[in-house]
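Trainee: Sequences listed follow chains X and Y, in order. Using the working numbering, count along the first sequence one by one with no gaps and you end on 405. Using the working numbering, count along the second sequence one by one with no gaps and you end on 1222.
Any given hint could turn out to be false.
[Stated by the list, open to error] Facing chain Y, a subset of chain X residues (Cβ under 10 angstroms, in silico):
no., residue
1, G48
2, R314
3, D315
[To be verified] Here are a few chain X residues that sit away from chain Y, every Cβ distance over 10 angstroms (derived from the structure):
no., residue
4, K23
5, N183
6, L306
[To be verified] Computed beta-carbon distance windows for the label pairs:
no., chain 1, residue 1, chain 2, residue 2, range
7, Y, S1144, X, I345, 28 to 38 angstroms
8, Y, G1131, X, I325, 36 to 46 angstroms
9, Y, R1138, X, Q298, 14 to 24 angstroms
10, Y, Q1027, X, I26, 35 to 45 angstroms
11, X, I325, Y, L1072, 29 to 39 angstroms
12, X, T20, Y, G1131, 23 to 33 angstroms
Don't read these hints as lab results, they were simulated from the structure. Cβ coordinates follow ideal geometry from the N, Cα and C atoms, glycine included.
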Amino acid sequence: MPKPVLNTTNLFIAFQYLLTRKKQSILATLGVMLGVTTFIVMVNFMTGVNDFLDDAVFNGSPDIIVGATPDGKKKKQNFGTAIHALAKVEEIDHFLENDQNVSSFAHQIISPAILISTTAQLPGSINGVFPLEERKMVDLDRRLLSGKGFKSLLQGHTILLGVSLAKRLEVVVGDEVNMLLSNGKNMKLEVSGIFSFGITTIDNVRTYVSAKTLQKLMHQENKITNIHVKLKNRDDVALKTVLSENFKAITTQDWKDSNKTIVIGNKVRDILTWSVSFALLLVAGFGIYNILNITVIQKRKDIAVLKTIGYAARDIVFIFLIQSIIIGLLGAVFGTSLGYLISYIISTTPLDTSDFIIVETYPINFKLSYYILGFLFGVITTVLAGYFPSKKASRVDPVTIIRGI
Amino acid sequence: MILEGTHINKYFYDPDKHQVLKDNSLQISEGELVSIYGESGSGKSTLLYILSTLDTDFEGQLFIQGQDIKKLDSTALTDFRNKHIGFVYQFHYLLPEFNVLQNVMLPALKLREKSRVAIQQDALALLDEVGIAEYAHRPSYKLSGGQQQRVAIARALINDPTLIIADEPTGNLDQKNTDIVFKLLQNITENRGKTVLIATHNPKIYKNSTRTIEMIDGSIRL
Chain X
1 MPKPVLNTTN LFIAFQYLLT RKKQSILATL GVMLGVTTFI VMVNFMTGVN DFLDDAVFNG
61 SPDIIVGATP DGKKKKQNFG TAIHALAKVE EIDHFLENDQ NVSSFAHQII SPAILISTTA
121 QLPGSINGVF PLEERKMVDL DRRLLSGKGF KSLLQGHTIL LGVSLAKRLE VVVGDEVNML
181 LSNGKNMKLE VSGIFSFGIT TIDNVRTYVS AKTLQKLMHQ ENKITNIHVK LKNRDDVALK
241 TVLSENFKAI TTQDWKDSNK TIVIGNKVRD ILTWSVSFAL LLVAGFGIYN ILNITVIQKR
301 KDIAVLKTIG YAARDIVFIF LIQSIIIGLL GAVFGTSLGY LISYIISTTP LDTSDFIIVE
361 TYPINFKLSY YILGFLFGVI TTVLAGYFPS KKASRVDPVT IIRGI
Chain Y
1001 MILEGTHINK YFYDPDKHQV LKDNSLQISE GELVSIYGES GSGKSTLLYI LSTLDTDFEG
1061 QLFIQGQDIK KLDSTALTDF RNKHIGFVYQ FHYLLPEFNV LQNVMLPALK LREKSRVAIQ
1121 QDALALLDEV GIAEYAHRPS YKLSGGQQQR VAIARALIND PTLIIADEPT GNLDQKNTDI
1181 VFKLLQNITE NRGKTVLIAT HNPKIYKNST RTIEMIDGSI RL
């Protein structure tokens, strides 16, 4: 029965080797630390940005939008009333109710309008919503800066404004704005809430009013222009194709179509994070490989002696491998700690944003799994880097070494 | 009988096939101080490595304390060496990362038949015997060549092996240290009843051994 290689004697020898090469050991540990730290900070930051954008954009917009296709022939229409009302709404509703992947859906009537306050006139995109349905689609309460959410629209003569739009109109909750539609009709609405999605392109134009009010003003009683669908599994957008196959005269758009730049941005950030971290850990790994390799070459005589006095090949492998494991563990512990510290500092750093996003500090994602991953990354790299020199050490033949003198 | 080798042949293949050892058989009993001597290239070192179990790539049979060496796998062989064979080389080969005492303790720490404290006591006693006790806690590389060789002898004895193998143990020492080291090796056989096998060029050693084996051109001269 062979004795276990993990024993105090082998550990003692390994530690002695590490301690007599303090500088190299510290350098190797720093190398691993740097790799792990970079990984942690990059992942925390990049996924922080991704999550922020996901949250702001994708939660503020539906996963699939169903709209009407403008029919080819130009119908005679009264000037300014051109909205493309959706046909066969009930059938589509029925279809959506029976789809497994649909989490909820809501009707909307969307129309451009001019909003007029005492100081400014600005274009806006008016979303006529059914407040009780829409509440299930968009978590507006979390986005509210002041006032009330969708429920306040039930009164009929109220409007919810994006924060940038409200600022430019110079209105606050309780003020009045005049909504001028393209058919010439106008209506005074009370601002009942101001929200922010953190994305200027949304906060600049989006407004919510009651769908019923809008329908009445536009003389489009019971007509809607869009159905917004939220999916249970957002990555599965098969529904889009199924819908367009089953219903004519509708257009369907999924979140990937609507947010191509953000989707690509997320991908680029992911690739960047993984490749840079991988490259750094690779360099750290090569550093350890190098140090151990040189040690093994320098220590061939010592290894030969250890072998003659009773240390088996597996003891030698353990003695050298445990050195890189210790370096890896230390580097990973320091790396994750430093990574957390730097990420924390970044997360409290004020961010002077451009117009694109509105956020006070850098978004950071402190997910525990990234720390575990970074830790494992560091340890696994060093173990791999240490394995080959250790194997090499175990193959040292005492006879050739002793004869070689 | 502590060691028995029969019909030992050994070939080198680099650069060409070349027979280094030619059908050597020998027997060594307990308490003997046996010297192998011969010119460089006579095969005495090669024979010594085979008899010390470091080289298992040979033809023939080798029994040490009744154990057929060829029947042990490499791990079992290392354990066997650890327990039954002590080594002394021309160059002392102490490990510079460890102090003198730790160097002596290393084989016993591997064997793990005794507690660390007991091993340390044994090691100190052996260092006292070879006259190095006062340097026990010094880094091993700070000792002189002669002193280091005496530490190496203490290390070879720590597991109380039956066989001590020494490869040119005095080859690198001055006359005074040669005398000290040889005296220690003689004491090992006389006082402890161990078997010592020495490969040497030194006439003073092989003339004072209980038995000498001369190697000529790969064969033991009878």
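Trainee: Hint numbers the structure violates, sorted upward?
Mentor: Of the numbered hints given earlier, those the structure breaks are 1, 6, 7 and 10, listed in rising order.
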